[in-house]
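Asks: Take a look at the letters that make up each chain.
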Amino acid sequence: MRILALALLAGLPAAAGAQETFLLRGGTVYPVSGPEIVGGAVLVRDGKIAEVGAKIAVPRGARVIEVKGLRVYPGLIDSATEIGLSEIGSVRETQDTDEIGDFNPQLRALIAVNPASEHIPVARANGITSVITMPGGGVICGQAALIHLDGWTWQEMEIRPSAAMILRFPLIQSARSRAFADAPSRTPYAEARRNYERRLRELSEFFERARRYQKAKAAGPVEKDLKLEAMLPVLEKKLPVVILAQRERAIREALKFAEKEQIRVVLAGGDEAWKAAAELKAKNVPVILGPTLRLPSQEDDPYDKPVTQPAELHKAGVKIAFGSFSTSAARNLPYQAANAVAFGLPHAVALQAVTLTAAEIWGVADQLGSIEKGKLADLIVTDGDPLEARTQIKQCFIRGQAVDLESKHLRLYKKYLERQ
Amino acid sequence: MRKTVLLLGVAVCALQAAPPSVFAIRDARIIRVSGPVLERGTVVVRDGLIEQVGASVAIPPDAWVIEGQGLTVYPGLIDALSTLGIAEAATTTAVSTRISSRTPGPPATPAPAETPGPPALPTTTSPPARGPEDRPSNTSWVRAADLVSPSDRRIETARSAGFTTAVTFPPRGIFAGQGAVINLAGEKGGQMVVSSPAGLYLTVSSTGFSSFPGSLMGVLAYIRQIFLDAEHYKLAQEAYAARPVGAKRPDYDRALEGVLEAPRLLLPATRAVEVDRMLRFASELKRPAVLYGAHEAWRAAELLKKSGTPVLVSLKWPERSRDADPEDVEALRTLELRERAPSTPAALVKAGVPFAFYTEGVTSSRELVRAVRRALEAGLSQADTVRAFTLSAAEIYGVADRLGSIDQGKIANLVVTSGELFQEKTQVRYVFIDGVKFEPLPEPAEEVSR
Amino acid sequence: MRPRWMLILAAAAPLVAAPPIVIKNANVLTVTKGRFQGSILVRDGKIVEAGEKVLVPEGAQIIDASGQYVMPGIIDNHSHVAAESTNEGSISVSSMVSIKDVLNPEDISIYRALAGGVTTILTTHGSANAIGGVCTALKMRWGKDAAGLLFDGAKPVLKMALGENPKRRGGSTPFGVSASPPRYPATRMGVEDVIREAFTEAVAYRQAWRNYEARRKRGDRVLPPRRDLKLEPLVDLMEGRSLVHVHCYRADEILMILRLGDEFGFNIKALIHVLEGYKVAKEIAAHKAGATTFSDWWAYKMEAIDAIPYNAAIMLKKGVLVSLNSDSPELMRHLNQEAAKIVKYGGVSEDEALAMITINPAKQMDIDQRVGSIEPGKDADLVIFDQHPLSNYAKVQKVLIDGEVYFDRDRDASQRGEREARRKTLVEKAKELQKKSGPPSFRRPS
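Residue numbers (this note's numbering), protein chains in the order written: chain A, 1 to 420; chain B, 1 to 450; chain C, 1 to 446.
No wet-lab data here; the hints were simulated from the structure. Note that this is a predicted model, so its numbers are computed, not measured. Hints should not be assumed to be uniformly reliable.
[Stated by the list, open to error] Here are the simulated distance ranges between beta carbons:
id : chain 1 : residue 1 : chain 2 : residue 2 : range
1  : C       : A204      : A       : P115      : 54 to 60 Å
2  : A       : G69       : C       : P57       : 44 to 50 Å
3  : C       : P182      : B       : Q191      : 48 to 54 Å
The C-beta atom is built at its ideal place from N, Cα and C for all residues, glycine as well.
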């Protein structure tokens with residue numbers, strides 16, 4: 001019974017079936033938490049890493065998987081996606097990220113994840129084994145989930161059903177809308193500022209309401225309010241708030257807000273995070289950086305600002321992870337990291353930004369992010385540096401189970417290669 | 001009887017300065033523009049024309065004498081591109097230099113041109129245009145001379161700032177219509193017109209994405225097609241006129257008639273890239289052109305000189321919008337444009353490019369002076385400044401034989417000031433238009449920014 | 001006169017008679033003639049010599065590229081940068097418009113593309129309509145004026161578009177703007193109809209001019225037909241004076257346009273995006289159409305749901321001339337990394353991958369005699385990377401166009417301080433002026 005309960009807690013299917021014990025050996029193991037092990041091996045048992053080292057004896061009944069000439073890494077973690085919540089960008093019916101209303105903390109991304117989304121096998125095929133998938137509408141968008149990219153159902157996929165509260169910080173929007181308009185619909189700054197302050201007030205009031213609810217609840221029974229109920233972990237600092245903000249002003253305002261409301265925050269996006277590096281460091285706010293392969297925010301910014309920024313932040317002592325902020329481009333997450341390396345970010349830090357650091361930020365460093373005894377066996381076997389595009393992912397394991405690297409893409413490839 | 005006449009006379013004075021048919025301004029400082037300054041001279045005006053001007057001029061006995069000591073006399077100022085006189089234009093937009101085009105797709109570099117007034121749009125109740133054949137936004141046959149009226153209340157304000165003349169154009173559309181050089185006074189429109197047509201005013205405003213043209217390149221292609229059509233039309237009309245019997249007659253096309261009769265084309269160009277573009281475009285159309293806007297023309301001065309194209313410089317210097325977000329980071333390019341734009345006139349002088357000023361809707365003397373001073377401070381000489389408001393404008397529009405300087409035989413358009421024009425303390429005392437004296441309105445109080 | 005802000009970024013003004021340049025000791029990736037370790041001699045804007053041992057002429061400027069990689073300048077044959085208009089989307093056939101009319105040589109995207117190794121682009125009309133406008137080949141000669149950007153001698157390219165985009169305004173749709181009134185076509189059937197209709201008109205127009213010429217030669221006094229700028233580019237295409245590139249996605253529309261090209265007698269020089277090209281690679285190869293595609297974009301539209309990253313490799317294997325394009329001012333900065341993905345997805349060789357961003361796009365623009373590989377006689381359009389360009393860690397160090405250094409990473413870095421200083425100065429000046437002169441000059445009419 002206890003084992004069942006534990007299994008459920010761990011998110012593993014209760015009837016685990018054939019949980020293979022196997023040994024990956026002969027290749028170079030990159031634990032990420034420590035130096036690489038040439039000729040190393042990894043023993044996997046019951047879905048977890050049982051041992052990592054240079055010489056591991058083969059237990060009886062264990063399968064041996066030879067990976068000579070290859071490398072073993074932890075599965076990659078994408079810290080910002082909409083995987084499972086969005087299928088085809090231009091087709092509204094396939095979008096489940098943006099709900100109506102400004103304050104929806106009670107919404108849970110997890111239960112809307114479509115386990116049959118094609119984006120899952122596609123991302124997985126390039127070594128992404130777990131992702132944060134996040135809602136996006138309004139101001140308080142809902143709860144993001146940390147999921148494995150494998151499972152028959154979202155329940156099987158869940159690692160942390162509620163990994164973070166997503167907050168899209170309000171903006172002072174005085175620029176003309178970029179939509180089809182020759183009409184100069186430029187909101188005067190004064191008006192835009194007023195709108196912003198009003199939204200900020202509304203946001204603060206919402207937090208205030210949540211606090212009153214919290215107090216009332218502590219004092220005695222209250223009528224359940226789902227929205228405010230969902231805010232409690234945030235107020236208790238158990239659930240981090242991921243604040244989406246790009247520009248310097250928004251970032252600073254967001255940090256001010258976080259301090260005022262006494263909440264744990266993670267900054268996501270952070271196009272101009274470098275301008276607030278000292279403050280981010282001082283307040284210990286980690287940053288999920290958006291794609292390094294993007295255009296600079298300002299016309300006069302150095303052309304390479306987006307790719308030099310990660311190194312700058314790292315040097316300033318800011319904790320960084322990378323997110324693709326995509327569904328279809330999640331598979332390119334490692335290349336976002338690679339470009340940061342080209343422009344100054346130490347390779348080890350870049351690799352951590354898509355593995356261990358991400359796991360730390362999401363509070364699952366005891367389970368994921370490195371090849372260490374006791375952690376889940378999320379592993380990839382590659383023929384080279386996973387941050388390089390020319391590298392092939394040879395094998396992938398999630399929770400110790402080999403996952404199919406095939407996807408619709410590979411199927412169509414094979415099919416049409418055959419056409420005469 | 002005499003009392004009645006006197007009372008009538010007084011009544012008339014109450015409306016406007018009584019028009020003597022002969023008057024003289026004696027012993028004033030006279031800036032003729034066409035010649036050296038007369039430190040002490042006299043101008044004699046008869047029947048709306050300058051009869052004499054000189055250092056020692058015999059004043060006719062029937063002349064009303066205005067003592068000119070301490071006063072300076074200039075030729076009346078010319079606003080070289082405006083909608084003055086077309087009253088309905090006052091409620092829509094001042095003449096727009098803004099090149100408006102949508103660029104969907106990847107983010108476009110924002111245009112540095114400031115002050116987004118509404119683009120010149122035709123009323124869009126008609127079905128969307130399917131191409132140049134539908135002649136969208138084309139009112140090229142419309143003549144400002146037919147539309148002007150002295151009842152436009154902006155005229156009085158312009159006069160008070162020293163303007164006697166404006167080159168007025170219909171405001172709306174891509175082919176907006178034919179302009180006219182008008183004097184800012186008269187009892188009816190017809191009396192105001194000095195010269196018409198003065199030129200075809202073209203803008204590059206697109207009408208959005210649902211009707212042709214929906215882009216800048218669409219507008220240019222459209223203009224190009226219209227000019228080709230006009231040439232063909234001319235051939236067809238001539239061929240038919242030569243031998244109409246038995247031949248199919250060509251359609252009458254008023255849109256093309258307007259294009260054919262224009263003595264020059266006015267094309268918008270604010271940035272150097274646009275100047276380059278429009279010069280090329282104009283040479284393709286094989287018509288004399290005048291570029292208006294010109295804020296970055298200092299960078300294309302050599303090009304302009306080579307092409308012989310005159311330029312109209314807008315006095316609405318580019319500046320940061322008051323509505324802008326103070327924390328917006330602006331492109332260096334934009335900052336440079338703002339900084340350097342007022343140096344354009346001096347650069348044009350240096351390169352030998354003819355140019356004139358236009359106010360884009362002056363509302364007070366104070367505002368005019370403020371704008372002009374920026375050009376002065378950026379290196380334009382006083383003499384060149386005055387010339388740009390007077391003789392140069394007249395030359396550009398081919399009326400320099402009649403206007404723009406204080407010379408015998410020219411129209412008596414004068415502005416009399418208490419000192420040097422465009423100094424903050426200088427006041428406009430009188431303005432003469434066709435020999436009729438006007439006194440300026442009191443200066444409105446400084447508007448506090450809303 | 002180049003403005004200050006541009007000079008700060010631009011290369012130093014070249015001397016009137018520029019000395020020859022030798023790029024020394026590099027790993028030279030010629031793309032067409034293999035690779036070697038050696039040098040390249042550049043003179044008068046051309047590659048004069050490229051080999052393991054190159055004689056350094058007197059007075060030559062040396063660029064020491066030891067340990068670095070030189071490849072031909074990257075060619076992006078589908079871009080929208082450096083132009084102030086992208087779409088004339090109001091009508092379904094807008095072939096009268098030309099991107100050349102609205103070039104913007106001051107678009108910062110040019111400089112940023114240069115910093116990614118791009119030396120030549122085709123700046124194109126968008127895909128809002130079935131027949132778009134005429135596109136122009138440009139070299140990324142940052143600092144020059146509009147005329148100075150033109151790739152002299154390159155043929156104009158007509159743009160066409162099939163599929164979802166040109167029919168988007170055919171009625172109200174959940175995505176995009178509901179058109180009022182709707183613009184024909186609303187279906188893929190209608191897209192073909194629009195194109196066929198236009199070319200039928202063009203054929204008649206061509207005939208009318210031929211008739212006129214014939215009569216004129218006979219001495220008849222006759223009026224020429226009215227020139228129609230919409231139809232002339234279509235006639236140019238049929239007569240071989242211009243090329244056509246067609247934006248397309250689905251296999252059915254790809255086949256449609258190949259057949260239509262056959263019918264009206266013109267070659268589809270390049271299919272753009274062509275994400276289902278792998279399904280009809282055979283037919284594409286038979287028509288001798290080129291394909292210019294993305295490495296791995298997919299799932300953003302219905303017509304992209306079957307897009308696979310193996311598209312380029314399959315088409316290549318089936319004999320199609322394949323290139324990669326960016327269609328984006330961002331993607332164009334790392335086309336070399338896109339090429340690397342084609343090695344990953346489909347196992348193409350390094351040279352094949354590099355060809356997709358150099359000689360192949362050049363061929364699809366008919367400029368391959370001039371650019372696209374490192375061979376004597378070709379334009380000295382060269383990129384120096386600090387690592388192999390197919391590595392995600394490679395950085396562009398220098399870019400030459402016509403033998404002139406247009407981008408230099410070190411110089412760019414050293415000039416940043418100057419730009420910032422200039423900005424600060426101007427912002428201060430503006431503040432002073434604001435204080436001095438009070439409210440802005442003109443009260444806006446309310």
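Asks: Are the hints correct? Go through all of them and say.
Replies: Taking the hints in turn, this is what the structure says about them:
At roughly 58 Å, the beta carbons of A204(C) and P115(A) sit within the given window of 54 to 60 Å. Restraint check, G69(A) to P57(C): a C-beta distance of roughly 47 Å satisfies the suggested window 44 to 50 Å. For P182(C) and Q191(B), the hinted distance range of 48 to 54 Å is satisfied, since their beta carbons lie about 51 Å from each other.
When each numbered hint is compared with the structure, no violation occurs for any of them.
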